[in-house]
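Enquirer: If you're matching them up, the sequences are chains G and B in order.
Plus 77 on top of the position in the first sequence (first one is 1) and you've got our numbering.
Plus 1134 on top of the position in the second sequence (first one is 1) and you've got our numbering.
FYI, nobody ran anything at the bench for these hints, they're computed from the structure.
Honestly, I wouldn't trust all of these hints.
[What the hints assert, rightly or not] Below, in silico cross-link-like pairs of lysine-lysine (DSS-like), each with a Cα-Cα straight-line distance of 30 Å or less:
#: 1; chain 1: G; residue 1: LYS190; chain 2: B; residue 2: LYS1153
#: 2; chain 1: B; residue 1: LYS1521; chain 2: B; residue 2: LYS1535
#: 3; chain 1: B; residue 1: LYS1153; chain 2: B; residue 2: LYS1535
#: 4; chain 1: G; residue 1: LYS227; chain 2: G; residue 2: LYS238
#: 5; chain 1: B; residue 1: LYS1535; chain 2: G; residue 2: LYS190
#: 6; chain 1: B; residue 1: LYS1319; chain 2: B; residue 2: LYS1295
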Amino acid sequence: MIRARNLPFVATVVIFFAAYALCAAQFPNMLSWRVAGNLLTDNAFLGIAAVGMTFVILSGGIDLSVGSVIAFTSVLVAVLIRAGVHPALAFGLALVLSTGFGALMGLTIHALKMPAFVVTLAGMFLARGAAFLISTDSVPIGHPFLRTLKGLFISLPDKGKLSFLAMLMLAAFAIGVVLAHRTRFGANVYALGGSPQSAELMGVPIRRTTVQLYAFSGFMAGLAGLAYTLYTSAGYSLATVGVELDAIAAVVVGGTLLTGGSGLVLGTLFGVLIQGLIQTYIVFDGTLSSWWTKIVVGILLFSFIVLQRLILLVSERRGAARSARG
Amino acid sequence: MRDELLTARGIDKSFYGVKVLDGVDFTLHGAEIHALLGENGAGKSTLVKILTGAYRRDAGHMALVGAEVEPRSVAEAQALGIGTVYQEVNLLDNLTVAENLYLGRQPRRMGLVDHRRMRRDAAALLARYGIAADPDETLSHYSVAVRQIIAIARAVDLSGKVLFLDEPTASLDAREVQALFTVLKQLRDQGLGIVIITHFLDQVYQIADRVTVLRNGRMVGSRAIAELPRRDLVALMLGRDLAEATAHRAAGDAPLAAPDTPAAFQFTDYGKRGSIAPFDLAIRPGEVVGIAGLLGSGRTETARLMFGIDRPDSGSAMVDGLPVALTSPEAAIAQGFGMCPEERKTDGIVGDLSLRQNIVLALQARRGWACPVPRREADAIAARYIKALDIRPPDPDRPIKFLSGGNQQKAILARWLATDPRLLILDEPTRGIDIGAHAEIIALIQQLRADGMALVVISSEIEELVAYATRVIVLSDRHHIRELTGDQISAQSIVAAMALPGDLPAEGAA
Ligand SMILES: Nc1ncnc2c1ncn2[C@@H]1O[C@H](COP(=O)(O)OP(=O)(O)OP(=O)(O)O)[C@@H](O)[C@H]1O
Ligand SMILES: [Mg+2]
């Protein structure tokens, strides 16, 4: 039997496969390994960022700095590589910076008892500004190391490819799933999302968890920045504006409660894929404006919020009926 | 003399310049069940929070097995072997039962949480308390009583040395209380030191070895239970003798406000399948209808149905001889109903609003948000009920979350009284309320009745029902099985009807 708390996740998976089937019925070519492989590659950076966002939202918080941090790391890495730094070193440095930046935001949120919304909004402007400071131009890069990375792939049937980026995203989700469901840190995140007061009285280390949480989101945003740099072979400070909102949408469509405490990391993967699927459909169709993606995502988001509300109401009813004894 | 397990000396604590604890000494021995008693607002919960790392003390010392300790968080206290159930049920609704039990100390295998073992351990742990909750089910699926037991099981399990229980029995029925006490006695015999806070003095005499009493933030006495007769204990808590007048039956003697008035509220064949069997009930102004029955007998269901929280699937309701549809609480409120629910802890108070705002909330809702209750009127209402119910501290501007648990409950009661209902349904009005206030609430019920209000009072305290009810309806197995009136009302007859439903002819409401 499906438990009520997993219903949104199941709904997402069903929607994804139903939508894929509809698309394939219209464009049989869409049902190919190549399209599936590209779906993963094209959405890799968004997926990676959305893993971090899932944790933040599960904890009842939000991270608005993600898009800016992606842009910042991509510009930083591009400029460093052009200056002759080895990409591996540049990547390492970028990840350290983005993780530290996230940790700092987490610490601020905890120490000042400020809403995450406000602190990460400031972080968003800060990171974007810093990206502009480094360079306002699009910085193209080419380096043998990058070519090697992009050359790594696993062949799928009929000329399909599971690219390095796709693997990176799947790895990020795998790590996310283990972290969320198989570690104490993950349980603490859910606890925070349930009720910070109760969590504290149950001995959850609030401060440590908050810092780790935003550090993790920062790390994933940095990693998404690297993925983006590899994907476009350039760094650009104006890029990825609003990606944090796409990530939030993916998390919510993936079945996570926007108010925190309930949801599955794996759901976010399907949330990302649904967005990607719509884009692919638009490409296949050729006549539709790409803005249709936004419209469909908007409709989906709305229906999910309604669905969650309904599930909550029903389970509350049941709970009330059950606890009314005496 | 046994070893001192936990000692506190000269503990001070102030909130916003108001001294809440003043040089409190407290000593807990190993293998001892120690009752911490005092009136609402005496500082019991605050002391517990200080000793368990939830609050920091302003001054004083604390030692565990002779070594000075200073837990700075609940997690640190847990690491020292101190487990606690706070007065606010402190669990997480969104996690599963097993996760709640093992949060922060999940069994691990190769660094990862071992869910299978956690499930198994959880089931085994709960079996000791005789509840069969599914470890994988979300906690929000369970009743307040089950949650309370889970919170206790968690605290017991992680307390290696000391266990604090702040009003653990407030939402448990008699059988659950006995199951808990059996476990506590076992733990005591294993050497654990247990501190229990409760307002049920019967339970104190049943389980405690020693008693410490707080009054207005000061420790006023600490004695072995054997040296402290009940009278002296009450006097110690109140600082005066409690007039015994409240205990004797007053309702039967006092005439009804208007003896011949027709029933203003009439329920005919009213019921809901799976919840409560159809019943007939007519209530006249100036009557207190007591509802007695074991937990699970359908008491709360009766109240929920009457107040429109649940919808009936049979029967009809009439107010003043006219049929009404009580399809929602709003509809019931519009008919002059008021209801003070049992689960005040979870769905009563709005923590950040002031005491005054909490009191006028229901009145405001009844009038509609378009016409706010004028400030002068709100002040007057708040002042009246703060005085009538002796809510302490009597500061209407204080956010209600800063009031002690018992005083919050009084505020919720005040909220419904302020709507001036014609029919007031009270579900366990005296739970979590200290004995001084207890007497005041009973007096208040009698006063309201004399003023012509109709009341329906659900209570597990049979003595209390005997004191104020003009009629008692006894429930069993979701049926109204017996109605006792006038001289029939006595503790013995109620207990007899509850215990032996089959032996008595079902009369009155059936
Ligand atoms: N966080 C807080 N901020 C301000 N005042 C507080 C706070 N917590 C408690 N108080 C005040 O401290 C006093 C003692 O409260 P406490 O909760 O310890 O009482 P209690 O003995 O547990 O009472 P009860 O039996 O009603 O639970 C009360 O006057 C209360 O208003
Ligand atoms: Mg208390």
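Enquirer: Each hint should be assessed against the structure and marked as holding or not.
Expert: Each hint, compared with the structure:
1. With a CA separation close to 26 Å, the supplied pair LYS190 (chain G) and LYS1153 (chain B) stays within the 30 Å bound.
2. For the given pair, LYS1521 (chain B) sits about 19 Å from LYS1535 (chain B) by alpha-carbon distance, which is consistent with the 30 Å threshold.
3. A C-alpha spacing of about 17 Å is found between LYS1153 (chain B) and LYS1535 (chain B), which places the hinted pair at or below 30 Å, so the restraint holds.
4. Taking the CA atoms of LYS227 (chain G) and LYS238 (chain G), the gap is near 11 Å; set against the 30 Å cutoff, the hint holds.
5. For the given pair, LYS1535 (chain B) sits about 18 Å from LYS190 (chain G) by alpha-carbon distance, which is consistent with the 30 Å threshold.
6. The hinted pair formed by LYS1319 (chain B) and LYS1295 (chain B) meets the criterion: a straight-line CA distance of about 14 Å does not exceed 30 Å.
The structure shown violates none of the earlier numbered hints.
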